[in-house]
Amino acid sequence: MQFDSLAAALAMDGHGAYVWFVALVTFAVIAGLLLLPSLSSRRFLREQDGILRREQRAAQQQHTEVSHASSS
Amino acid sequence: MWSFFHKLGSPPWMYRISGSILSWLLPLTLLLLAVGSIWGLLYAPADFRQGNSFRIIYFHVPASVVALAAYYVMAIAGAVSLIWKMKMAEVAMKSCAPIGAALTFLGLISGAVWGKPTWGTWWVWDARITSMLILFFLYLGVVALYQAYENKAAAAKACAVLSLVGTVNIPIIYKSVDWWYSLHQPATIKFTEESTMHSDMLQPLLLMILAFYCLFTCSLLLNMRSELLRQGAGTNWVREQVLARRGTKGATDAV
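In order, the protein sequence lines correspond to chains A and B. Just so you know, we're using my numbering here: the first sequence kicks off at 7 and counts up by one. Just so you know, we're using my numbering here: the second sequence kicks off at 148 and counts up by one.
This is chain A alone, in the form it adopts within the complex:
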């Protein structure tokens, strides 16, 4: 390693603030690039699941009403 201690690695001879700031922004951008589309897909699938459940409930209700009507 090029630095003797953690403090020296953070300070980087006075350039630490520049280098670590860029590193943090990079990691934030990487996290955004990987997480945002995954979260968007997950949210979409959850919404579609809700729609599908509602459709299934409506179909089941209709089926029950039809069978009640035919038995009476």
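Some clues are possibly wrong.
Listed next, the stretches of chain A that the computed footprint assigns to chain B, with coverage defined by at least 3 CB atoms under 8 Å from CB atoms of chain B [as the list claims (entries may be wrong)]: (1) 43–51; (2) 54–61.
Beta-carbon label-pair distances, calculated as ranges [stated by the list, open to error]: (3) A:Ser11 with B:Pro174: 23 to 33 Å; (4) B:Gln378 with A:Glu71: 32 to 42 Å; (5) B:Pro159 with A:Ser11: 47 to 57 Å.
If the Cβ cut is set under 7 Å, some of the chain A residues that face chain B in the computed set are [unchecked claim]: (6) Leu16; (7) Met18; (8) His21; (9) Tyr24; (10) Val25.
Think of the hints as simulated: they come from the structure by calculation, not from any bench. For every residue, glycine included, the Cβ atom is placed at its ideal position computed from N, Cα and C.
Guided by the hints, dock chain B onto chain A, whose structure is given.
Quick look at chain B alone, frame taken from chain A:
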């Protein structure tokens, strides 16, 4: 060969294949990024002139290189969607734009921060930096243009034209440091000549460039998957995905 192109146009096939590619590419990308960052930040030697501020190169160069490559991918996808009306190319083109914008932003911000200790200023209206700023606006333009149209076929056509017109800017960016007097240093890595960097500094840089290419591929596939799901709303294959997710979630809840 032709059957591959037919498959490539199929959303369910693309969704399935991209999922299996991501299952190994995503962990590999994270590993490369972690190794490259630690190597560059802590183990690479400091530059004799710039000191430790030179370590910004390990984020600035990969982000900028891949931002330029992403533009080519977007323009090629745009050309394919214009010529062959291939839906998957439209999806790829639309998915490229926000990734390219994010990487260009990263290249610009890291360059500005690097400029302060090196040049004594955050920003100069230099040919390289200005042409990179234009690239950023081109990416944002494609994103905005797609959102502006209600008719998505017309939106894709307009975005493809803008992408193709914008390719003029890419060789300008590459050659700007040679064509105009510039504060920006010339290319560090050259294909035709030996690199001006010492191998101890060059190796982590090449690793980070590879990591950013992998990051771009992962992000592109994730964006495309999200877009494919949205475009396929109500179709059988999306319904299958919903049911598969429900099954997985149910199994997790039961545990």
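**Q.** Broken hints, by number
**A.** Hint 6 alone not satisfied by this model.
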